Structures are given as structure tokens and as C-alpha cells.
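Undergrad: Residue numbers (my numbering), protein chains in the order written: chain A, 4 to 114; chain B, 510 to 660.
No wet-lab data here; the hints were simulated from the structure.
All values derive from a computational prediction rather than experimental measurement.
Please note that the accuracy of each hint is not assured.
[Said to hold, decoys possible] To give a feel for the contact side, a few chain B residues facing chain A, derived at Cβ under 10 Å: (1) R553; (2) I567; (3) F608; (4) L609.
[To be verified] A short list of chain B residues far from chain A (calculated; beta carbon distances all over 12 Å): (5) A573; (6) V595; (7) P601; (8) P603; (9) A606; (10) F610; (11) G611; (12) P612; (13) P615; (14) E618; (15) V619; (16) M637; (17) T650; (18) A655.
For glycine and all other residues, C-beta sits at the position ideal for the given N, C-alpha and C.
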Amino acid sequence: MAEPARWTVRVFVPPVARRGEAIEVRALVGHAMETGFRHDHLGAIVPRDIITVFSCRHAGEEVFRVELSPSIAANPFFSFPARAMESGDFVFSWIDGDGRAQEARAPIVVA
Amino acid sequence: MTGRRALLAGAAALPLPVLVRRPARAAPPPPRIAAEVAAAFGGRPVRDGRVSIDLPVIAESGNAVPMTILVDSPMTPADFCRVLHVFNERNPQPHVARFLFGPRMPRAEVSTRIRLAAAQTIYAVAEMSDGGLWAGQADVTLGFAACMDNG
Numbered sequence: 004m005a006e007p008a009r010w011t012v013r014v015f016v017p018p019v020a021r022r023g024e025a026i027e028v029r030a031l032v033g034h035a036m037e038t039g040f041r042h043d044h045l046g047a048i049v050p051r052d053i054i055t056v057f058s059c060r061h062a063g064e065e066v067f068r069v070e071l072s073p074s075i076a077a078n079p080f081f082s083f084p085a086r087a088m089e090s091g092d093f094v095f096s097w098i099d100g101d102g103r104a105q106e107a108r109a110p111i112v113v114a
Numbered sequence: 510m511t512g513r514r515a516l517l518a519g520a521a522a523l524p525l526p527v528l529v530r531r532p533a534r535a536a537p538p539p540p541r542i543a544a545e546v547a548a549a550f551g552g553r554p555v556r557d558g559r560v561s562i563d564l565p566v567i568a569e570s571g572n573a574v575p576m577t578i579l580v581d582s583p584m585t586p587a588d589f590c591r592v593l594h595v596f597n598e599r600n601p602q603p604h605v606a607r608f609l610f611g612p613r614m615p616r617a618e619v620s621t622r623i624r625l626a627a628a629q630t631i632y633a634v635a636e637m638s639d640g641g642l643w644a645g646q647a648d649v650t651l652g653f654a655a656c657m658d659n660g
């Protein structure tokens with residue numbers, strides 16, 4: 004089991020939607036996405052520290068997943084469309100290269 | 510008309526730069542990453558089209574360049590885009606991200622922000638549910654690059 008992380012996360016889904024409606028989902032995590040290609044002032048490599056996986060689930064199914072590389076900018080942000088299927092949560096998760104993980108939820112009411 | 514006035518008149522007649530979604534250019538992958546792209550898909554044929562990449566023509570800085578990619582797919586259980594692979598030409602590594610689309614997505618579309626170490630071409634390949642591979646690409650120029658050492 005991955006150990007928990009303490010990243011600041013912001014997630015957004017519209018609070019209310021009709022069943023089957025296409026909604027816009029947004030998720031942001033505060034993370035430096037250290038590339039592993041930079042050097043510090045003494046010339047030593049700054050070790051790589053990146054989020055490697057982001058995923059979003061809703062109504063028991065994975066909606067969207069990203070496998071990230073250091074070419075994703077700091078504070079990874081994703082915006083994507085999804086269908087609102089049932090009242091409940093959109094569940095977001097982020098995992099870094101060391102297995103640390105964090106989860107966030109955004110509730111939606113489906114009429 | 511003086512030389513300078515003639516130049517100004519000529520500049521005024523030039524079309525203004527258009528800042529709208531550019532259609533994906535139909536072309537093979539950039540030569541620098543052609544081998545990586547071929548290896549990623551086991552040499553399967555990649556056709557041009559169905560993938561449009563929206564990037565600024567000129568990005569102020571390479572640290573966080575907004576990018577939206579839209580794949581032309583009906584996204585039905587019988588016909589959908591399964592994976593979108595994004596490659597870059599001139600960063601230290603050729604991969605940007607892989608996006609996995611589930612059946613709950615009404616459109617195969619994603620927006621994010623990427624790092625660019627230099628002006629370059631972004632190349633994206635969509636893998637469809639029938640196994641077909643489609644590609645699009647877009648060029649972006651930078652004011653400042655995302656630096657390796659002081660970015």
C-alpha cells in the first residue's frame with residue numbers, strides 16, 4: 004500500500020448535472036515535478052521527483068488516466084470531459100515515482 | 510513613398526497572425542523522434558489525421574505551455590479512442606504523456622500544461638479501439654525555454 008502524500012489538490016466538477024450529460028472535469032495538484040535533469044549550485048543532480056500517474060473514477064469505472072513524464076509542467080493540471088452517470092463522487096488519485104499517493108473527491112448530484 | 514513608408518504599407522497588407530486552432534499538419538513524425546515513435550508502436554503504420562493539437566504559435570515561456578488535444582472519435586463502446594500518446598522533439602526525453610480514455614468520456618479530449626526546452630514540434634498518436642493509429646502534430650516557438658538548470 005502506498006504511503007499517503009500531502010500535496011495541495013484542487014478538483015472541480017459541476018455540482019449538478021443531468022444523467023448522461025457531458026461535463027468538464029478539472030484537477031490540479033501542487034507539485035514541483037522535478038525533472039531529474041537539473042543541477043544544484045554545487046553541480047549535483049537534483050533527483051527526479053515527479054507524479055507518475057493521475058486517474059479519475061466515477062460510478063465504479065475509470066473515466067480517465069494519465070501516465071506523466073517530466074515534460075508535464077509543475078503543478079500538473081488536467082481538464083477533460085466526462086459523462087455524469089449517477090449521484091456520488093468523482094474520485095481522483097495521484098501517485099508519485101516513490102509510490103506516495105493522494106486521493107481527492109468531488110461530489111455531483113445527477114438528476 | 511519613402512522606403513520606410515513603403516515597408517509599413519507592405520506590412521499592413523500582410524495577413525495578421527491567426528490565433529485559432531490550427532489543423533493538424535499531415536506529415537511523418539519529426540526525424541529526431543521517428544525511431545522512438547516507431548518503437549512505441551512496433552512499426553505499425555501510423556496515418557495522418559483525426560488528431561488536432563492546439564498549442565500557442567508562440568509561447569511566452571517553456572515552463573508551462575497550455576496544450577489541448579482533440580481526437581476525432583465518436584467515443585461509443587464500439588468505436589472509441591483508447592490511448593493518446595504524446596511525444597516531443599527536443600526535450601531530454603521524447604515522451605510527454607500517455608492519456609488513457611475510458612468509455613465514460615463523451616469526447617476524446619484533454620487539456621494540460623507542458624514543459625518545452627526549445628522551440629519544437631509536438632507529435633501525438635491516437636490509438637483507436639480497432640487498433641488503428643492516427644497522428645497529428647503542431648509547432649511551437651518559445652520566448653524563453655524551460656531551462657535545464659535554472660528553470
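Undergrad: State for each hint whether it applies.
TA: Verification of the hints:
1. For R553/B, the shortest C-beta to C-beta distance to chain A is roughly 20 Å, which exceeds 10 Å, and the interface hint is violated.
2. A cut of 10 Å between beta carbons decides the hint on I567/B: the least distance to chain A is about 17 Å, and the hint is violated.
3. Because the beta carbon of F608/B sits about 5 Å from the nearest beta carbon in chain A, less than 10 Å, this interface hint is met.
4. Using the Cβ-Cβ criterion of 10 Å, the hint placing L609/B at the interface with chain A is satisfied: the shortest such distance is roughly 4 Å.
5. For A573/B, the requirement that its beta carbon stay farther than 12 Å from each beta carbon of chain A is not met, with the minimum near 4 Å.
6. With a minimum CB-CB distance of about 8 Å to chain A, V595/B fails to clear the 12 Å threshold, and the non-interface call is violated.
7. Not every C-beta of chain A lies more than 12 Å from that of P601/B, the closest at about 5 Å, which undercuts listing it as non-interface.
8. The beta carbon of P603/B sits about 9 Å from the closest Cβ of chain A, which is not more than 12 Å, so the claim that it is off the interface is violated.
9. For A606/B, the shortest C-beta to C-beta distance to chain A comes to about 6 Å, within the 12 Å cut-off, and the non-interface label is violated.
10. Chain A draws F610/B into its interface by the beta-carbon criterion, the shortest separation being 6 Å against a cut-off of 12 Å.
11. At the 12 Å boundary, the C-beta of G611/B falls inside the reach of chain A, the nearest C-beta of that chain being 5 Å off.
12. Not every Cβ of chain A is farther than 12 Å from the Cβ of P612/B; the closest lies at roughly 7 Å, contradicting the non-interface assignment.
13. At roughly 4 Å from the closest C-beta of chain A, the C-beta of P615/B falls inside 12 Å, breaking its exclusion from the interface.
14. A cut-off of 12 Å between C-beta atoms contradicts the statement that E618/B is not in contact with chain A; the least separation is 6 Å.
15. Listed as a non-interface residue, V619/B fails to keep its Cβ farther than 12 Å from every Cβ of chain A; the least gap is roughly 5 Å.
16. Look at M637/B: its CB is around 17 Å from the nearest CB on chain A, clear of 12 Å, so calling it non-interface holds up.
17. With a least beta-carbon separation of about 17 Å from chain A, T650/B lies farther than 12 Å from that chain, consistent with its non-interface assignment.
18. Taking the minimum C-beta to C-beta distance to chain A, about 8 Å, the non-interface status of A655/B is violated against the 12 Å cut.
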